[in-house]
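K.L.:
So the chains spell out like this:
Number of protein chains: 6
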Amino acid sequence: MLLNTYEPWKFAFSAETDFDNIEKDSYGIIGVPFDSTTSYHSGSRLGPIVVREASYGFENYNINFKTSLDCIFYDFGDVNVVPGNCEATCNIVEDTVNELFDLGIKPITIGGEHSASIGVIKALSEKYEKLTVVHLDAHRDLAFDFIGEKYSHATVMRRAHEFGVDLVQIGIRSSSIEEEDFVKSTYNIQTFKNKDVHRHMDAVEYYLTTVDTPIYLSIDMDVLDPAIAPSVGNPTPGGLFISEIEDLIRSLSFKNVVGMDVVETATDRLGENTAVTAAKIIYDFLSLI
Amino acid sequence: MLLNTYEPWKFAFSAETDFDNIEKDSYGIIGVPFDSTTSYHSGSRLGPIVVREASYGFENYNINFKTSLDCIFYDFGDVNVVPGNCEATCNIVEDTVNELFDLGIKPITIGGEHSASIGVIKALSEKYEKLTVVHLDAHRDLAFDFIGEKYSHATVMRRAHEFGVDLVQIGIRSSSIEEEDFVKSTYNIQTFKNKDVHRHMDAVEYYLTTVDTPIYLSIDMDVLDPAIAPSVGNPTPGGLFISEIEDLIRSLSFKNVVGMDVVETATDRLGENTAVTAAKIIYDFLSLI
Amino acid sequence: MLLNTYEPWKFAFSAETDFDNIEKDSYGIIGVPFDSTTSYHSGSRLGPIVVREASYGFENYNINFKTSLDCIFYDFGDVNVVPGNCEATCNIVEDTVNELFDLGIKPITIGGEHSASIGVIKALSEKYEKLTVVHLDAHRDLAFDFIGEKYSHATVMRRAHEFGVDLVQIGIRSSSIEEEDFVKSTYNIQTFKNKDVHRHMDAVEYYLTTVDTPIYLSIDMDVLDPAIAPSVGNPTPGGLFISEIEDLIRSLSFKNVVGMDVVETATDRLGENTAVTAAKIIYDFLSLI
Amino acid sequence: MLLNTYEPWKFAFSAETDFDNIEKDSYGIIGVPFDSTTSYHSGSRLGPIVVREASYGFENYNINFKTSLDCIFYDFGDVNVVPGNCEATCNIVEDTVNELFDLGIKPITIGGEHSASIGVIKALSEKYEKLTVVHLDAHRDLAFDFIGEKYSHATVMRRAHEFGVDLVQIGIRSSSIEEEDFVKSTYNIQTFKNKDVHRHMDAVEYYLTTVDTPIYLSIDMDVLDPAIAPSVGNPTPGGLFISEIEDLIRSLSFKNVVGMDVVETATDRLGENTAVTAAKIIYDFLSLI
Amino acid sequence: MLLNTYEPWKFAFSAETDFDNIEKDSYGIIGVPFDSTTSYHSGSRLGPIVVREASYGFENYNINFKTSLDCIFYDFGDVNVVPGNCEATCNIVEDTVNELFDLGIKPITIGGEHSASIGVIKALSEKYEKLTVVHLDAHRDLAFDFIGEKYSHATVMRRAHEFGVDLVQIGIRSSSIEEEDFVKSTYNIQTFKNKDVHRHMDAVEYYLTTVDTPIYLSIDMDVLDPAIAPSVGNPTPGGLFISEIEDLIRSLSFKNVVGMDVVETATDRLGENTAVTAAKIIYDFLSLI
Amino acid sequence: MLLNTYEPWKFAFSAETDFDNIEKDSYGIIGVPFDSTTSYHSGSRLGPIVVREASYGFENYNINFKTSLDCIFYDFGDVNVVPGNCEATCNIVEDTVNELFDLGIKPITIGGEHSASIGVIKALSEKYEKLTVVHLDAHRDLAFDFIGEKYSHATVMRRAHEFGVDLVQIGIRSSSIEEEDFVKSTYNIQTFKNKDVHRHMDAVEYYLTTVDTPIYLSIDMDVLDPAIAPSVGNPTPGGLFISEIEDLIRSLSFKNVVGMDVVETATDRLGENTAVTAAKIIYDFLSLI
Ligand SMILES: [Mn+2]
Ligand SMILES: [Mn+2]
Ligand SMILES: [Mn+2]
Ligand SMILES: [Mn+2]
Ligand SMILES: [Mn+2]
Ligand SMILES: [Mn+2]
Ligand SMILES: [Mn+2]
Ligand SMILES: [Mn+2]
Ligand SMILES: [Mn+2]
Ligand SMILES: [Mn+2]
Ligand SMILES: [Mn+2]
Ligand SMILES: [Mn+2]
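Protein chains in written order, with the working numbering: chain A, 884 to 1172; chain V, 884 to 1172; chain X, 884 to 1172; chain U, 884 to 1172; chain L, 884 to 1172; chain F, 884 to 1172.
For reference, chain A alone in the conformation it holds in the complex (with noise of 0.2 Å):
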């Protein structure tokens, strides 16, 4: 960059990308910019650039947590995606997060539709030996298939789950009947509905707090109410408030997240509320950890 330019594609507050000296154990942002097996509305491939745009509306100093955004992070762009096949995009999500993992960097995904997450999890589900994925969501995406379809993002959870990662599925309020059925029939899907995050938040934290694995955070838009994150693939009334995921986010600041996504953020407006709220979740992460 010259003297006075910037590069207003990137994450406010991310470091220079230089390959030679890449902080080791820092995180780095990917965008995928897909948003192909939506079932409702699409509109979710914006999302990487909505959420960075309205990155630059944030102070270096968090007031919220009293602390400054000083962690070093990167922003590598945009994944390559194949628009119409998303197995071809998971696996290309999953190449550049081994990428990533090898330079030593954790991955912050924005989507893009929640199958971004099938190939992060993939990969790290293989770095890990056990790999705990708290999944916050109006939705359990536990589909076996969708129309057909195993990678879509209806199934994100369900591959997660084969994976072999345990879930906790937080802000859950729309389900199939397959989906409830999958959940009784297995050990190690945990859930907190909305209302038991309005209630109960603090059964939540302790919840989170015995949690002993490497923990991969995927945080669906949809989870916070439409109030708040309107443009989203699948609004869902009933959802969660900004202050709960504040809480949610700080809980996990003292566990060991090893990757993190918010995805389904569905808007062509820059600086319209769901990507002010999307950035400002991914810089609340980086200003605690």
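It is worth saying that the hints were derived from the structure and are not from the lab. Do not take every clue at face value.
Remember, identical chains collapse to one label, so a pair may be satisfied in a single copy or spanning two.
Below, computed lysine-lysine pairings styled on DSSO-like, alpha-carbon distance capped at 30 Å [claimed, not checked]:
{"hint": "1", "residue 1": "LYS1067", "residue 2": "LYS1078"}
{"hint": "2", "residue 1": "LYS949", "residue 2": "LYS1033"}
{"hint": "3", "residue 1": "LYS949", "residue 2": "LYS1067"}
{"hint": "4", "residue 1": "LYS1033", "residue 2": "LYS1067"}
{"hint": "5", "residue 1": "LYS1076", "residue 2": "LYS907"}
{"hint": "6", "residue 1": "LYS1010", "residue 2": "LYS1138"}
{"hint": "7", "residue 1": "LYS1010", "residue 2": "LYS1067"}
{"hint": "8", "residue 1": "LYS1010", "residue 2": "LYS907"}
{"hint": "9", "residue 1": "LYS1033", "residue 2": "LYS907"}
Based on these hints, arrange chains V, X, U, L and F with the ligands on the given structure of chain A.
P.N.:
Only chains V, X, U, L and F with the ligands this time, still in chain A's reference frame:
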């Protein structure tokens, strides 16, 4: 329909309409694309389309109430309205509801402005000896006339009161001094203001249990907070949350609800949250009955 | 339907669908709400809804052509698509068109992305000994594959060409060097670029009169100037005017058009001009035949 | 007003309204925020606001006509309309125009739907022995009634014709068979369709020079192409260009124009191009007189 | 105005402005359509229009506070701003407020960006021996300069502090480390963060009762949660609810409030909820005094 | 970047920026996200983002000009602007262009408001003995000052003229009387109004061939018709068509163009047509050189 097609203009999960085999004592949806008397912003004529479109975002299983939407109901399309003539439109709605009644069908009306309820309540008030209208709204809609007009979104409940129904008004936070005086001058209008609902939901629910007449449920989407339902004819800050609506719907599901409407959704954007929320309210109601 | 109701999303002027009395040799509308392979902006899955809604803005009498829309045609609703699987969706479309053919119905398809045409052209190319596809588009859509995908909005006319059809491409103003080379390597692809249409409409119309095979008409809305049709998957400056489209439709009305589609309308706003224009094109076509 | 303030919604360049010193034989703006009889999309009630706001984008000097907007004119605000009652609203408009006439003011009306013109033309047709209405519109608006309603945006020019005026309809491209029959059955309705204007502007301008009565100019914004004026109650592809409107306005500036209106601007977005264009038309008219 | 017209550009319920008979000790509205120093998204220059337009959605009777809006107040229109020169604009605002003061009018300013308050507070701080600014905002706005600029939306309260006022900052949830240090270094800035308001409203209200100087109330709309007020220059998740604003306004209504502003409404859409809420805050304030 | 990633906001087809190996005599893009002096609607600060995003809709091969975009060019990101201080921002732009010049790079600037050109033209006018600015705009931008401000979008070409450049103004259709007088008082400002371009493109093109100095090309997007480019700071009906822009760009491609800018794109919506058209203009320019 052909083997592989469906009718996207019908509410999700609705049954085919085979007039020779209509299930008695079931529900039937009609749309009323009318907004001629709107006093602030028009546009609710598009409500029937956007609400139906939004109905495709829900699962058959309703995890919130642990029940499935397995009742038989029908979508009979939209009423032919007369732009600029509210009384004529009300008469058409009334005739249609009478037709439905003769088929053994209880009406679910998607507005359109609130005047859509006048014809429905008129028809039903003549079918049932006594009728209680449970009216969720930011406004009382009790004006005798509106700038001289007796058929108006602002006079709906005054007309209903003249038809002899009892009124329970819930969520009220805007009213004229004339409306307040009228309420005081009557004996059969019960009021729960927005803050009454926030603070004393138990009292509201208890009151509803005491209603022993058939109930007609009329929901003006502006009863919800504009954060959740911004696209209404008269946005009014300080409304109900979706969980409060859920509680009220559940309370009413134990009663004899002989018809309902969800009105004043006024947006031209498919997937907008007012439409999603209106669809969810109908979906919840159908899941519970 | 009841006495006073109608089905609000069916294309205006369409007939009831009574399977026992379907008029042979008439037209039938299907929607294909699919946009999974879109490479720039998604959203055309909403095309079938917004185009039907816009059809209610026209008169039965078409003053432009001094004729009335008095042909019998049907609206069969939308095809069940498979989000994320273009090939599966194409197969469903193909099956549906075969069903229609067996009923004596020529298909009018509302997209959705341009891949909706693949199944239609496949079915029709097998019904007719020789078929010419008149293809109005800013793009050639002649890629062999798109990032490895053979079923894609970008490969539609390459697949069609493989099915053995002749191609007349009108309005072209974007193309890859590979597509140009392919066109040169074949004998049966005729090209009229956007400026050819502006300057030499007579030549285009004359060419169309020489086509003596059955014709399939495929209209990508991006063939129009984005001033008129801004909401498409790949907006491309410099397109056709509506009067040019009218001239082309009229020329084709004297030919044996065995099916048509209007695709790539990508907006979530009812009444948006891309939708209005797409509806008008179908309306004009139906008025003329 | 204070030293440093101005009234932000008054039409730009309008004079203060000092009732004791009103300039005789000048023009006065009124708004009619009414859209109750709209048959397709409502929203033109916001026209008076958005058109006035857009008037602040122009220079005092009009380079196109090499003249300055130096005539005195007034902005009298908006008429009190009766939502849902077109006849009552027309009567109020008529009364207001009579008031203006008594002050020596010729009306410039900003709609609102086209029914705003009924009251104006009624009033003026009684003031002048003979009146010619030059009517720019995509539609004839000559229905005897619209679903039984005699006061409607669709019947404006039929009512005007009953008041005894001559009609010149320019830009027509949509009409019913009944309207066509009515035109044929009369002697004093001259028609120039959209393509007549495109091809034979000289003939249109010549015809206007032959009108020797006072002229009332009524401009439905849908006469323009939807590319330029997308936000109207009935968008109709294939309309006039702005240069054609300029030519018509200039031709009329040599005649005795005793009033004008610009109606059917239907958007809630400040700065939208329909509003800008409507403001420009009034600005051009005022620059030329 | 004529018999049947009103001025739509004035705040609803405002009185005519007859300079010879202005009611002393009343309130007067001015708009400041200025947004030149905005750091994230511009657009608040349209605030004065959209907030006034939204004021027409309220009843004269305020049921929430059981009072009527019966005080006399005036709408003096908008200040002439200097795009790109904040200091010059502040000086014009200051002059205007001085003019108002001489007329016995307390200012109610509709922004525009928050810098609109600088001139107002400067003028008032010179009129009153001691002044307390109650500042509702997500941000402290206490920067000494913003990229070198001393007149900026980000420095408003630093300038106010230099004018000698006491500050009560309510709703704060974003701040720089320099601002935090400055607050610590002073004695007369009291802070209630967003969560303080949620949890300890009693303490906030009690504190306000202890203020014994005249009060100036400055409300940055971003103090509200973006769910309610999404269209602001710097949307910041986690803000106040409307009931909290109501409580604060009521508390202040018992004090000597010598002026107020509502700033940072940044939308071009009439009827948008940020505008509605801004209008309601002014409406509530005027109802209570 | 990693193996599978790219930088999503860099202009499509731009080269990596390796400072040690920058190709001499090539072009470099900078964005200027500044809109503080805008007089009508703000928002052009988002131009650099939305124009870059739109650049991903084009093919490497440019079928219109039968050439490929194979020149090497760079995207250097955005300049650090000073909100509210136009002069300071101009100075930063000037410094940046000087830096680029020292690297052998000719600037392509994406605005932001038109004042972005001031610094560029200042820098270049000092590098070249004689410079001609070819200025495409609806407005002359020749005001000596704008409400006292010398650095403003409305004064750009007056400042340029002071720097000693010759001016060719193309597409003009709005101007003040002072600007007209100024043009008459000088010898080196050539004007082609919008209708001159429509009717006498040959004359315009011929004139451009006679320019024998280096040329700087400055394109205010409002030169285009608002049908094509609706989202600009000052929408002005009656502008150029895209084919006219194409012709002008091609004419200039035979000249020595030492820099260009495309300014005043003012939208927050990704994929909006103003942004697409601005990107296409840069794309065409880069294809032709
Ligand atoms: Mn979800
Ligand atoms: Mn999910
Ligand atoms: Mn209401
Ligand atoms: Mn109501
Ligand atoms: Mn195309
Ligand atoms: Mn195509
Ligand atoms: Mn019309
Ligand atoms: Mn009309
Ligand atoms: Mn703030
Ligand atoms: Mn502030
Ligand atoms: Mn300009
Ligand atoms: Mn300019």
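K.L.:
Does each hint fit the structure? Answer for all of them.
P.N.:
Outcome of the hint check:
no., hint, in the structure
1, LYS1067 <-> LYS1078, "within (20 Å within a copy, 38 Å between copies)"
2, LYS949 <-> LYS1033, "between (43 Å within a copy, 27 Å between copies)"
3, LYS949 <-> LYS1067, "between (41 Å within a copy, 14 Å between copies)"
4, LYS1033 <-> LYS1067, "within (21 Å within a copy, 41 Å between copies)"
5, LYS1076 <-> LYS907, "neither (37 Å within a copy, 36 Å between copies)"
6, LYS1010 <-> LYS1138, "within (17 Å within a copy, 56 Å between copies)"
7, LYS1010 <-> LYS1067, "within (28 Å within a copy, 47 Å between copies)"
8, LYS1010 <-> LYS907, "within (16 Å within a copy, 46 Å between copies)"
9, LYS1033 <-> LYS907, "neither (35 Å within a copy, 41 Å between copies)"
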